[in-house]
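Peer 1: So the sequence lines, in the order shown, correspond to chains P and C. Per the working numbering, the very first residue in the first sequence carries number 3; after that it's consecutive. Per the working numbering, the very first residue in the second sequence carries number 909; after that it's consecutive.
The hints are simulated quantities; they were obtained by calculation from the structure and are not laboratory data. Be careful, since some hints might not be right.
Unchecked claim - No farther apart than 30 Å at their CA atoms in a straight line, the calculated lysine-lysine pairs in the BS3-like style are these:
#: 1; chain 1: C; residue 1: Lys924; chain 2: C; residue 2: Lys981
#: 2; chain 1: C; residue 1: Lys924; chain 2: P; residue 2: Lys59
#: 3; chain 1: P; residue 1: Lys13; chain 2: C; residue 2: Lys924
#: 4; chain 1: P; residue 1: Lys59; chain 2: P; residue 2: Lys16
#: 5; chain 1: P; residue 1: Lys59; chain 2: P; residue 2: Lys13
#: 6; chain 1: C; residue 1: Lys911; chain 2: C; residue 2: Lys981
Take a look at the letters that make up each chain.
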Amino acid sequence: DTGVSQDPRHKITKRGQNVTFRCDPISEHNRLYWYRQTLGQGPEFLTYFQNEAQLEKSRLLSDRFSAERPKGSFSTLEIQRTEQGDSAMYLCASSHPGLIYEQYFGPGTRLTVT
Amino acid sequence: AQKITQTQPGMFVQEKEAVTLDCTYDTSDQSYGLFWYKQPSSGEMIFLIYQGSYDEQNATEGRYSLNFQKARKSANLVISASQLGDSAMYFCAMREGQSGATNKLIFGTGTLLAVQP
């Protein structure tokens, strides 16, 4: 079991460009979460999937953000027309159906928008 | 609305001593859960310990224990016998919602712990 993986680990992009991040949860984990962490703050919830269904989205997730989990395995988070305020660490977490309270986090993708 | 408060931005502790990191929470739910995560400089959030609101005994995991005082709405983390590798950011978090719900986590602002040799 290799843990939650995220790709890329770092992304630098220019304002206005689109970016896509990938998260591979631990196998057999049916719940997947995306969080965003800005400097000096704790992570904030963005969205949640149970299998392939996106069941909740935060108000933080503007129309420029979209997340998918097409086959209930890996997930992608896309940000369109990036803004400097999108600069943050994007964290993915997953949990097992038998231990739904324990979320295991990936290493994160650090996005810098210049 | 649920809220987690961590009032200690930074803490120092001598190696091999115990340290307590404070956490208070606010919720109107009867069923909730409290967590502590460790975040080293590498960025990954590492799960340390969990306490359910109906658990009568304080949770313990190795050198970590959670001092749960329900009436005071506090869930302090105690690290015994501190090690240099314990230097990191520590976040208190609360699970929002009851079983079967999203179980999304609400985090505090964190406490930066520095263990001194």
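Peer 1: Confirm or reject each hint.
Peer 2: Consistency of the hints with the structure:
1. C:Lys924 <-> C:Lys981: The given pair, whose Cα atoms are some 29 Å apart, holds under the 30 Å limit.
2. C:Lys924 <-> P:Lys59: Between lysine 924 of chain C and lysine 59 of chain P the Cα gap is close to 43 Å, so the pair fails against 30 Å, i.e. violated.
3. P:Lys13 <-> C:Lys924: Status violated; Cα separation ~39 Å.
4. P:Lys59 <-> P:Lys16: Holds, because 26 Å separates the two Cα atoms, which is no more than 30 Å.
5. P:Lys59 <-> P:Lys13: Since the Cα atoms of lysine 59 of chain P and lysine 13 of chain P sit roughly 23 Å apart, the hinted pair holds (cutoff 30 Å).
6. C:Lys911 <-> C:Lys981: Measuring from Cα to Cα gives roughly 11 Å; hence the hint holds.
The structure fails hints 2, 3 (numbered hints given earlier, in ascending order).
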